[in-house]
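Enquirer: Next come the chains, spelled out residue by residue.
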Amino acid sequence: MTQTETQSQSRRPKLASSTIPVLAVLAVLLVALAFAGSAYQEPAGYLALLKRAAPLMILAIGQYFVIVSGGFDLSVGSLVTAEVVIAARLIDGDESATLWVMLLMLGIGAFVGLVNGAITTRLLVPSFIVTLGMLLVLDGAVFLWTGGAPRGALSDSFRTVGRQGIDGVPVIGQLPWSVVVLAVIVVLAVLFMRSPTGRTLLAVGDNETAVWLGGGRVERLRTLAFVLSGLSAAVAAILLGGFAGVSAQVGDGLEFRVITAVVLGGVVLGGGRGSVVAAMAGALTLESLFSLLNLLGVAGGLESTVQGVIIIAAVAYAAVNWRRKKP
Amino acid sequence: MKRLMTVGVAGLLALTGCSSDLPEAPPTVSSAPSATKSEFFDQAEHDRQLSLRDAAPQGPADKPWEQALNPTMVDTGKYAKPGPYEICFSNASVDNPWRQVGWKTMQVEATLHPEISKFTVLDAEAKDDKQISDIQQLTSGGCHALIVSPNTTATLTPAVEAACAKGIPVIVFDRGVNTKCPVTFIHPIGGYAFGATAAEFLASKVGQGGKVLALRVLPGVDVLEHRWAAAERILAAKGVQVAGVEFTGNDGAKAKSIVSDYLQRGDINGIWMDDGTAAVPVLEAFEDAGKKAPAISGEDQQQFLDKWKTEGLTAQAPTYPTYQWRTPVIAALKILKGEQVPQEWILPQPVITDQTLDQYRSQGMPPLHYALCGCQQMPGYPDKWK
Chain A
-5 MTQTETQSQS RRPKLASSTI PVLAVLAVLL VALAFAGSAY QEPAGYLALL KRAAPLMILA
55 IGQYFVIVSG GFDLSVGSLV TAEVVIAARL IDGDESATLW VMLLMLGIGA FVGLVNGAIT
115 TRLLVPSFIV TLGMLLVLDG AVFLWTGGAP RGALSDSFRT VGRQGIDGVP VIGQLPWSVV
175 VLAVIVVLAV LFMRSPTGRT LLAVGDNETA VWLGGGRVER LRTLAFVLSG LSAAVAAILL
235 GGFAGVSAQV GDGLEFRVIT AVVLGGVVLG GGRGSVVAAM AGALTLESLF SLLNLLGVAG
295 GLESTVQGVI IIAAVAYAAV NWRRKKP
Chain B
88 MKRLMTVGVA GLLALTGCSS DLPEAPPTVS SAPSATKSEF FDQAEHDRQL SLRDAAPQGP
148 ADKPWEQALN PTMVDTGKYA KPGPYEICFS NASVDNPWRQ VGWKTMQVEA TLHPEISKFT
208 VLDAEAKDDK QISDIQQLTS GGCHALIVSP NTTATLTPAV EAACAKGIPV IVFDRGVNTK
268 CPVTFIHPIG GYAFGATAAE FLASKVGQGG KVLALRVLPG VDVLEHRWAA AERILAAKGV
328 QVAGVEFTGN DGAKAKSIVS DYLQRGDING IWMDDGTAAV PVLEAFEDAG KKAPAISGED
388 QQQFLDKWKT EGLTAQAPTY PTYQWRTPVI AALKILKGEQ VPQEWILPQP VITDQTLDQY
448 RSQGMPPLHY ALCGCQQMPG YPDKWK
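Line by line, the protein sequences give chains A and B.
For the first sequence, the residue numbers in my numbering are -5 to 321.
For the second sequence, the residue numbers in my numbering are 88 to 473.
Hints may contain errors.
[Claimed, not checked] If the Cβ cut is set under 7 Å, some of the chain A residues that face chain B in the computed set are:
hint, residue
1, Ala33
2, Arg145
3, Ser149
4, Phe237
5, Ala238
6, Val240
7, Gln243
[Said to hold, decoys possible] Taking beta-carbon pairs under 7 Å as the criterion, some of the chain B residues facing chain A (in silico):
hint, residue
8, Ala143
9, Pro144
10, Ala148
11, Asp338
12, Lys343
13, Ser344
14, Arg352
15, Pro368
16, Gln450
17, Gly451
[What the hints assert, rightly or not] Non-contacting residues of chain A with respect to chain B, defined by C-beta distances greater than 10 Å in every case (computed):
hint, residue
18, Ala38
19, Asp88
20, Val131
21, Gly162
22, Thr191
Source of the hints: derived by calculation from the structure; they are not laboratory data.
Heads up, the beta-carbon is just placed ideally off N, CA and C, and yes, glycines get one too.
Could you put together the complete structure from these sequences and hints?
Expert: Below you can see the structure in the form of C-alpha cells.
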C-alpha cells in the first residue's frame, strides 16, 4: 500500500474495510449478552460495560499508534501500576493535591513514552526490547519503592472520574465520566488519524524508507506514537485507580490484553494497516467476550487461554489474507 | 518473512500473557496438592480444625505468637549448644502485602534477641528451584538452625529432608511439607476454620433463603479450597442460597465488575470471601449501584477495617495472622537452648468482630497493612510498617 492509497482511503467517510469483521463480531457478542443476562436488556447494562471497557479502549488507542507505526509498547501495564501507586502516595487522601497529581501523571506518562521512543529511534533498539525493559524497570521500581504494599490513598475527587457519572440523564440514567472521557479521546484520535501527521504515521509503519525519502520525519513520528501511548496509559491509570482504588496489581497483564485487543481489531502487527476505530472496537469486543464468558459461568482461568487463542487466530487470519491479496 | 515473524511474536505474547495474569498463591497451610476437587475435603482434618477454634491456647495471653493449641511437646536436648547463634531463613517470597508485613515483623523479631549473632536470609522469589538451592547453600554454611517457609509443599519436601539429615534443627512455618523431620511446624489453625467461621457469621446475618455471593481468588490452591469446602457445607446446611461462586484473581477492579454484574441481576445479602484483599472494591460496587451494604466477611486488612469502622458495616474478619512470622525465631532459640517446643505449633487464629474491632484496628496504617501483625509493641512501630 502506498501513501497516496492510504490518503484516499482515509478521506472516505466510510469505515475502512478492515474494521468490518470486528464490528460484526462485536455486534454478535452484544446481542448474545442480551440473551445471556437480563441486565443487558436495558441501555444501563451496556453503559456499565462501556464504563468498564473504557480504560482498555483508551489504552488500545494509544497502543494502536505504536503498532501501526511498526512498533510494540509492552510497558503500558506496569506504567499504569506505577502511576496509580505514585498518585496514591502523593495525594495521600488530600483533596487539594488531586489536580496537580493528575497533571503530573500525564507528564510521567508522556516522559516514559518519550524515553521509549527516543531509545527506539535514536539507539535503534527494537521497541519490543525497549518496552520490555521499561516494563521490568517500572515493575522493579514500584516494588522497591512500595515494598509490595502501596501506601497512601486516592482522594474522593480523584476517584470521581473512574467511579461516578452525570446523574439524571434521560433514558440511560447515569452517564459515567469515563465514557465521556473515552468519547473525547476517540474523537481526538480519529481527527488525528485523518490529519496529515496521522496519515504519515500510518505510512511509516508501511514503508519507512518511502516516508523518509519523501521528507517525512520518521524518528519524530515514531517517538510521538510512544508518547501518545504513554499518555493513554496515564489516562487509563486515572480511570482504573478511580474505579477500584489503590492496588499494586492494577496494571497486571494489561499490556497483553491491549495488544490482543488491537490485533483483534484487525490492526496488523508490524504496522501500516488498520484503523483506530477498529482497535478500539477490538478492546470493547474483548471486554464483551469476557463479560459473556462470565455470565455463562465459564471459569475465570480460561480468560488467558481465550486471549491467547484470539491473538494467534487474528494474526494468522491477517497473514493468510495478506498472502491471498498479493498478486 | 515479516508476517511469519509477527505470528511468532504474537504466540510468545499469548504464552507469557497466560503466566503473567495469575496471581500469587496466597499463604497456605498445606497438605499435598490434590488432583481433583473432592480430594480437597478431608473430614477428619475439617473436624479437628473446627474443634480447635474453641480450644484454650497455652502460653502468655498477651503474646498470641507464643501460644499453642493442644501442643504435644518434643524434647530438643540434642540440639542444645551455647550461643551466640547464627539463625538462617529460607523465605519463599515477599511478593504480596501479607508476606511483606510478616517479613518486616520477623526482621524486627530477630533484632530483639542478643543471642542471635547473625540472621542470614535468602529469598527464593517464589521459585521452587531457587529455594532448593537456597536451602542447600544455607545448610552448607555455618547455620545453627534453619527456618523454612516453603514455596510449595511437594517440591520442597526432599530439600527439607536433606536439610534435616545435616543434623541442624529445621523449623517450618506457614505452608507445610510432607515430612515429619522438622523439629516443629508452625501454623495457624487453617483453612477449614477460616471458611467455616465466615460462613457461620453470614448464615446468621442473612438467614434462611438469604442470597450470598462467594468470591474466591483462584481454584486449585489447597488452603483456599479448604476455606470454601467448609463454607459451602455450612451455607447449604443453614439453607442459605449461594447466588454464585466467582474467581476474582484478587484483582479489585475485576471483583468490583463481577459484583456490579450480579447486582444488576438482583439483590445480594451477603458476601463470602476466601481472601479479603478485594473487600473494599466489592463494597464500593454496592455503593455505586445505590444498594445497601451487604453482610460481609473480609480479612484483617487495614482499609477494610477502616471502612468497617467509619460506615458501621455488618462485618466480620476471620484472619490468617501475620504474627506467625515472629514464632519461628522464638522457636529456633528455644530449640538451641534445649527447651521443649510443640511438635505441631498451632497458633490461635483470632476473629475480628464488632466487639473487638477497636482493639485490633490501629489508626494511620497503610491500606494494605495487616492488623494481626503482633508488631504494635515492637521497636520502630509504626514507622517501619508504613
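Enquirer: Now tell me if each hint is right for this structure.
Expert: Status of each hint after checking the structure:
Below 7 Å, beta-carbon pairs count as interface contacts, and Ala33/A has one with chain B at about 3 Å; its hint therefore holds. The interface hint given for Arg145/A holds, since its Cβ lies 4 Å from the closest Cβ of chain B, which is under the 7 Å cut-off. The beta carbon of Ser149/A is not positioned within 7 Å of any beta carbon in chain B (closest approach about 14 Å), and the interface hint is therefore violated. Hint status for Phe237/A: holds, given a least beta-carbon distance of 6 Å to chain B, under 7 Å.
Because the closest C-beta pair between Ala238/A and chain B is about 4 Å apart, less than 7 Å, the hint holds. A cut of 7 Å between beta carbons decides the hint on Val240/A: the least distance to chain B is about 6 Å, and the hint holds. Because the closest C-beta pair between Gln243/A and chain B is about 6 Å apart, less than 7 Å, the hint holds. Interface restraint check: Ala143/B against chain A, minimum CB-CB distance 34 Å, threshold 7 Å, status violated.
Because the beta carbon of Pro144/B sits about 29 Å from the nearest beta carbon in chain A, more than 7 Å, this interface hint is broken. The interface hint given for Ala148/B is violated, since its Cβ lies 29 Å from the closest Cβ of chain A, which is over the 7 Å cut-off. Proximity of Asp338/B to chain A holds as hinted, the smallest CB-CB distance being about 6 Å (cut-off 7 Å). Checking Lys343/B against chain A: minimum C-beta separation of about 5 Å stays under 7 Å; hint holds.
At its closest, the beta carbon of Ser344/B sits 5 Å from a beta carbon of chain A; the interface hint therefore holds under the 7 Å criterion. Nearest Cβ of chain A to the Cβ of Arg352/B: about 6 Å, under the 7 Å cut. The hint holds. A least Cβ separation of about 4 Å between Pro368/B and chain A falls short of the 7 Å threshold, and the interface hint therefore holds. Taking 7 Å as the C-beta cut-off, the interface hint given for Gln450/B is violated, the closest approach to chain A being about 13 Å.
Here the hint on Gly451/B is broken, as its CB sits about 11 Å from the closest CB of chain A, past 7 Å. Chain B draws Ala38/A into its interface by the beta-carbon criterion, the shortest separation being 8 Å against a cut-off of 10 Å. Interface exclusion of Asp88/A from chain B stands, the closest Cβ pair being 14 Å apart, more than 10 Å. No beta-carbon of chain B comes within 10 Å of the beta-carbon of Val131/A; the shortest separation is about 16 Å.
The claim that Gly162/A lies off the interface holds: its Cβ sits roughly 13 Å from the closest Cβ of chain B, which is beyond the 10 Å cut-off. No beta-carbon of chain B is positioned within 10 Å of the beta-carbon of Thr191/A; the least distance is around 25 Å.
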